[in-house]
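Novice: Spelled out from the first residue to the last, the chains are:
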Amino acid sequence: MTTIAPNRVRSSAGRLWREYGWAYLFILAPVLLFLVFTLYPVVSALIMSFQQYNIMNSTWIGFDNYERLFQDATFWKSMRNTVIFTVCTVPVNIIITFVLSYLIYQMKTKWQTFFKATLYLPAVASGVTISIVWLAIFDPTNVGLLNRFLEWFGLDPVIWLGQSKTALFSLILMNWLGSHGAGIILYLASMGGVPKSLYEAADIDHASGWTKFTRITWPLLKPTTLYLLVTGVITSFQVFISVYMMTQGGPNFATTTIAYLIYQTAFQFYEFGLASAQSFVLAFLIILVSVIQFKYFSSDVEY
Amino acid sequence: MKTRSKTIFLLIAAACLIVWSIVTIIPLYWMLVGSVQDSAATASFRPSMLPEAFSFAPYERFFAKTAAWRWLLNSLFISSVLTITNVFFASLAGYAFAKLKFPGSNAIFWVLLSTMMIPAQVTLIPLYILIVNVFNLGDSYTAIILPTAITVGNIFLMKQYMSSLPTSLIHAARIDACSEFGIFWKVILPLAKPGLAVLAIFTFVASWNEFFWPFLITNSTEMRTIQVGLASFVFAESTDFGAIMAGASVGALPMLILFFSLQRYFLQGITIGAVKG
Amino acid sequence: MARVEFRNVRKQFDDQNKQTFTAVAGSDFVINDKEFVVFVGPSGCGKTTSLRMIAGLEQQTSGDIVIGERIVNNLHPKDRDIAMVFQDYALYPHMTIRENLSFGLKNLKKPKAYIEQKVQEAASILGLDDMLERKPRELSGGQRQRVALGRAIVRDPQVFLFDEPLSNLDAKLRIQMRVELGELHKRLGATIVYVTHDQVEAMTLGERIVVMNKGVIQQVASPTELYANPRNMFVAGFIGSPAMNFIDARVEEERIRIDGAEFVLSQDAAEGLKSYNGREIILGIRPEHIYGEDFAPGVSTEHQMQAHIKVVEHLGSENLVYFRIGSRTVTAKVHPETKAYSNLSKQFIFDLNKARYFDPATEERIDW
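Residue numbers (full-length UniProt numbering), protein chains in the order written: chain A, 1 to 303; chain B, 1 to 277; chain C, 1 to 368.
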């Protein structure tokens, strides 16, 4: 036997590096960015929320910021607005999305593509552009498209964004009439994934169209619905651009959302500590609601 | 009988879809039509639904009153850089997480992913202080680009996508004496092209449309992106309907054109990584 | 060309629940230079893991792997002088066939002329000359299989590794490729390590076969040896189709008792089974060693027993007859002229010279 002396399997550090060094190198850049631009800021914001923040010397004030914001009427108003906005938009949007998807699904492939594309289109325009256009649509003078539409039916013009009664509703309306294209595409993809044999089996069992819908279609699309629900809530809790562009939170805080309040507190009043506290309340809410949705919905999602 | 009621149902469905499509499209249509009517900037002007009094004057006014060319250039540059960094680094990391089972990969991945739940508002202030006061980068391209150069969401999508590629190809390449980076570059990337294209398109559109961070971090007119510049223009010029619509169109048209030319990627791409994965 | 040796090689994985799973438990074997060795066993038996450890795609937990004269434990796959053919071929879909074939040589920085010559050689051996500029997706399954072979051939490796290369082909093509692989082995004169779960493939291709189960090597032997003298019940049951029959039996002096019938043992067998006197054993007999009494040319009619036929399957060249002995179903592969149908009570002849005996506790063959 001319084999050289035993060359034991290399151990620990050297072997780790030889086998996995590249892998660590491949994730290095995102991990570094993550540490600097996500992890550090989160920790820093948490500390800040317990401070009277000042660039030069911050003072530790315990829960004062949190106490302050819970006693702040504007904060509660912004919470109320955010919740109303979310509750009014997300479920309605999902229903609209679902109905549209269901109708599109009945069409031939060519028409499916056409409607998908058309209904998706506004989603590629920026929030700023969409806000500008809707600002003009809601315009209370003769420019406003919506009032001209009402005029057609002999109705009086409405000051959509200028009065607290209708301002928040206007933002909600704009959201309803926006693009549901992404959701439609997801729904259509999962509708296509429902095995045809299930419907055939149901036909053999003399199931009605409604039964087929409630027992097959809806349950099998639950993962998609859950996804749309969670992402929809997260996005609408953070609604900002339309508020900033169209109402600046007014009139009389009627459209001030939490995200807008945080922006104001931080970058108009430079109360960094208080704004951080507000942002953690928002984060807590978002995480709480997401977890509840997952718990509540996903128990019977698997199939 | 059955086929007849089915036909009626289909007709009603089509009618509903057409009405809703019109409602969805009207704002964009109105924007485009409004941007090519010479409004003469009077308060009594009522923009028509049809392109009467066709004129490019609103565009001329918009470009004359603003630094829009510069803003467009800024947006193009920033979006391109963000697209390249995100596509390259997110696919590299996604590949590592999906295919190279290194110690700690799951833990690291879940730590990254779990922070996606934290809203941007939380990190905003420290991020602002970090970039402006610590790194002294305020009002620069670097400041706009760096925080979103590689997003966790994109890494997640690429991990999902890379998982579906056959592992045996990686093994074959390893036996074919390919270096680990070579495997990624010469074997994985060409295979992942459809996924990369989708990621590139969505990143480009999202970066182009991004408003808040560039708005926060830029001061000078020259550093604004088109979205930030557009917003500032609207606040300054609340009366010139034509110019405002022209501006809105300028902000959106590049993306609309991109959408029409790459429709397939947009419509199929959304399903990558979403739901179940 | 070269030999391959495993010296007490172990491989353990941690699964998702942090449970340690032993894929290969202390393997020891030597594959000689220019030998065609097949690893066979059910899925999860550790055969593919063994192959991948030879390739260097997995690192063993302990033990040494030798290729040629070198211990290759810490060598990268590219430095082990091996080539591998994958189950799904693993052709690079975005490269032409020519690029697929030359990719490895290019990475090894071989001169252009050399690469060109190697690719031409491999292409003409495998009949791929006309397809070099095509992409893998334009090729049929059999052609892709050839390209995968070609990619291994151009490397001129010391050892070829095959990971179930024929399992994605249809039955007809598989048989054709099996023949070609055998010829290729002769032509290349290479050491080949071949993994399959198909025992027919193993029997036809392998000069020696390594049978594995649950991470443990059961037996290493030539096909005929494996078939005739399986070392334990696993090997006996795994090799051969239909599988060997196992019949509960009891040794009584120089006889064995099977479900009422009693057979006198040959002198050798009686001697060998002496220590089992009065104990249960398992009699293993292959289906072709059971005959109907009406068609048993040249077989001693000494060991006969009556049985009630349950089912008969007609395969044309032979009939498979199923009947019960005790709680076990027994299969006999009989000549098609043997009279047999369901519910017939028939006299069967057992060729006990070809039978093997196993210890029911250890499942090992009882040797003498």
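Mixed in with the good hints, there may be bad ones.
From the structure, some residues in chain C lie toward chain B, with a derived Cβ separation under 7 Å [said to hold, decoys possible]:
1. Phe21
2. Leu57
3. Tyr92
4. Phe103
5. Gly326
6. Arg328
When the alpha-carbon atoms are kept at most 25 Å apart in a straight line, the in silico SDA-like pairs for lysine to any residue are as follows [claimed, not checked]:
7. B/Lys193 / A/Trp218
8. C/Lys112 / B/Gly182
9. C/Lys78 / C/Lys18
10. B/Lys186 / C/Lys18
11. C/Lys18 / B/Gly104
To be clear, the hints were calculated from the coordinates, so they are not data collected in a lab.
Glycine included, each C-beta is placed from N, C-alpha and C at the ideal position.
Novice: If a hint holds in the structure, say so; if it does not, say that too.
Specialist: Comparing the hints with the structure gives:
1. About 14 Å separates the beta-carbon of C/Phe21 from the nearest beta-carbon of chain B, more than 7 Å, and the hint is not met.
2. For C/Leu57, the interface hint holds, since its Cβ comes within 7 Å of a Cβ in chain B; the closest pair sits about 5 Å apart.
3. The restraint placing C/Tyr92 at the interface with chain B holds, with a minimum CB-CB distance near 6 Å, inside the 7 Å limit.
4. For C/Phe103, the shortest C-beta to C-beta distance to chain B is roughly 5 Å, which falls under 7 Å, so the interface hint holds.
5. Violation of the interface hint for C/Gly326 is found here, the shortest Cβ-Cβ separation to chain B being roughly 47 Å, above the 7 Å cut-off.
6. Proximity of C/Arg328 to chain B is violated relative to the hint, the smallest CB-CB distance being about 41 Å (cut-off 7 Å).
7. Our distance criterion of 25 Å between C-alpha atoms is broken by B/Lys193 and A/Trp218, whose separation comes to about 34 Å.
8. Taking the CA atoms of C/Lys112 and B/Gly182, the gap is about 20 Å. The hint holds against a cut of 25 Å.
9. Of the pairs offered as hints, the one joining C/Lys78 and C/Lys18 is violated, with about 31 Å between alpha carbons and a cut-off of 25 Å exceeded.
10. Distance check on the hinted pair: B/Lys186 and C/Lys18 sit about 34 Å apart at the alpha-carbon level, beyond 25 Å; violated.
11. For the suggested pair C/Lys18 and B/Gly104, the alpha carbons sit about 13 Å apart, so the restraint of at most 25 Å is met.
Checked against the numbered hints listed earlier, the structure breaks hints 1, 5, 6, 7, 9, 10; every other hint is satisfied.
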